[in-house]
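Given next are the chains, with one letter for each unit.
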Amino acid sequence: MAAWLIPVIIAVVITAGLYRKVNIYTALTDGAKEGLHTWIAIVPHLVIMMAAVAVFRASGAADWIAGLFKPLTSLIGIPPEVVPLAIIRPISGSATLAMLDQIMREFGADSYIAKLAAVMQGSTDTTLYVLAIYFGAAGIKKTGDALKIGLLADAAAFASAVLTVAWLL
Amino acid sequence: MVSAAFAFLLLSGFVFAAVNGTMAEVNEALFQSMEQSVQLAISLAGVILFWTGVMKTAEAAGIVSWLAHIVQPLLSRLFPEIPRDHPVFGFIASNMAANFFGLGNAATPIGLKTMRELRQINDDRDTASRSMITFLALNTAGVTLIPTTVIALGISHGAKNPADIILPAFLATVMSACFAIVIDRYYARKRNR
Numbered sequence: 001m002a003a004w005l006i007p008v009i010i011a012v013v014i015t016a017g018l019y020r021k022v023n024i025y026t027a028l029t030d031g032a033k034e035g036l037h038t039w040i041a042i043v044p045h046l047v048i049m050m051a052a053v054a055v056f057r058a059s060g061a062a063d064w065i066a067g068l069f070k071p072l073t074s075l076i077g078i079p080p081e082v083v084p085l086a087i088i089r090p091i092s093g094s095a096t097l098a099m100l101d102q103i104m105r106e107f108g109a110d111s112y113i114a115k116l117a118a119v120m121q122g123s124t125d126t127t128l129y130v131l132a133i134y135f136g137a138a139g140i141k142k143t144g145d146a147l148k149i150g151l152l153a154d155a156a157a158f159a160s161a162v163l164t165v166a167w168l169l
Numbered sequence: 170m171v172s173a174a175f176a177f178l179l180l181s182g183f184v185f186a187a188v189n190g191t192m193a194e195v196n197e198a199l200f201q202s203m204e205q206s207v208q209l210a211i212s213l214a215g216v217i218l219f220w221t222g223v224m225k226t227a228e229a230a231g232i233v234s235w236l237a238h239i240v241q242p243l244l245s246r247l248f249p250e251i252p253r254d255h256p257v258f259g260f261i262a263s264n265m266a267a268n269f270f271g272l273g274n275a276a277t278p279i280g281l282k283t284m285r286e287l288r289q290i291n292d293d294r295d296t297a298s299r300s301m302i303t304f305l306a307l308n309t310a311g312v313t314l315i316p317t318t319v320i321a322l323g324i325s326h327g328a329k330n331p332a333d334i335i336l337p338a339f340l341a342t343v344m345s346a347c348f349a350i351v352i353d354r355y356y357a358r359k360r361n362r
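In the order they appear, the protein sequences are chains A and B.
Per our numbering, residue 1 is the first one in the first sequence, and the count goes up by one each step.
Per our numbering, residue 170 is the first one in the second sequence, and the count goes up by one each step.
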């Protein structure tokens, strides 16, 4: 089913373009050229932001912060094993995917901890990455309350994950 | 705010490495990340070029403004400062649809294009408009119907029912998106005061 979605979307766009007598090849390549500008705009943001994330993770600071949260989170019934994942989730999607892999290996894919971690991973996007490349692409320098809102929404997603997993699984 | 986040991650990392004796790991990770981020950028390049091309064609064929017309009654409440019948509604809808159906590959390029379009209608070229912040909040909340990567990982670890996380993850993501919209409104009101 999913394999059909992309080809159908592209076919619809091309067919509509032909019907409206658009020079589709020029439109595609013009768009791709615009995409190239977008891409150039986001590369510096990727390189700079990912360097800070890498330093933060490798230093062990993330684990320490997760340790600070553990007494609080265990009080409301969140297993301590998923806390580091929740802390890292907003800054690195690939790192938390590796953590989820580790959790599934250790506790089994059907355990409560693994299910909760999976829902946490799947219920939000990597806020810092999205923010860096989206604002980077548009050349925005003053980002307002965007980061605050994104991080608060992540916290809400994790709290919701605890509720929905307890309720539905 | 982004500068503060960047400085916090980097400096707290260095201080921690000094205390923990992990400076060698930090050094290695720093240089690895430079390689990895460029690799990531290169792996994104084709997707961004291709999908921006498809979106440009969709725009020229009138699909985007058609979509904009359909979603406008719904989205104009979320994005009150976008002018009526502006095609950017179509881009926003395309991005949300791509995210919803788990087409992350298409969603990101469309999202980037949307941000550039939103900048066009913003008077201040350096500062994020309210629409941009709302749009970003919806994207970072990541409303997805099917988190494909996570399900694939569950399958590879032999989960009995790997798809059972779909409903709880979907509900959690909807709840957080609603929360994001509420706090976005709160901050927008605070800014205007």
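Quick caveat, the hints were computed from the structure, so don't treat them as lab data.
Wrong hints could be hidden among the right ones.
[What the hints assert, rightly or not] For lysine-lysine, the following DSSO-like pairs were computed, each having C-alpha atoms within a straight-line distance of at most 30 Å:
{"#": "1", "chain 1": "B", "residue 1": "Lys359", "chain 2": "A", "residue 2": "Lys142"}
{"#": "2", "chain 1": "A", "residue 1": "Lys141", "chain 2": "B", "residue 2": "Lys329"}
{"#": "3", "chain 1": "A", "residue 1": "Lys33", "chain 2": "A", "residue 2": "Lys148"}
{"#": "4", "chain 1": "A", "residue 1": "Lys70", "chain 2": "A", "residue 2": "Lys141"}
{"#": "5", "chain 1": "A", "residue 1": "Lys33", "chain 2": "A", "residue 2": "Lys21"}
{"#": "6", "chain 1": "A", "residue 1": "Lys142", "chain 2": "A", "residue 2": "Lys70"}
{"#": "7", "chain 1": "B", "residue 1": "Lys329", "chain 2": "A", "residue 2": "Lys148"}
Note that the coordinates shown come from a computational prediction; the quantities given were computed from them, not determined experimentally.
So, going through the hints one by one against the coordinates:
| no. | hint | in the structure |
| --- | --- | --- |
| 1 | B:Lys359 x A:Lys142 | 17 Å, holds |
| 2 | A:Lys141 x B:Lys329 | 47 Å, violated |
| 3 | A:Lys33 x A:Lys148 | 33 Å, violated |
| 4 | A:Lys70 x A:Lys141 | 35 Å, violated |
| 5 | A:Lys33 x A:Lys21 | 21 Å, holds |
| 6 | A:Lys142 x A:Lys70 | 34 Å, violated |
| 7 | B:Lys329 x A:Lys148 | 38 Å, violated |
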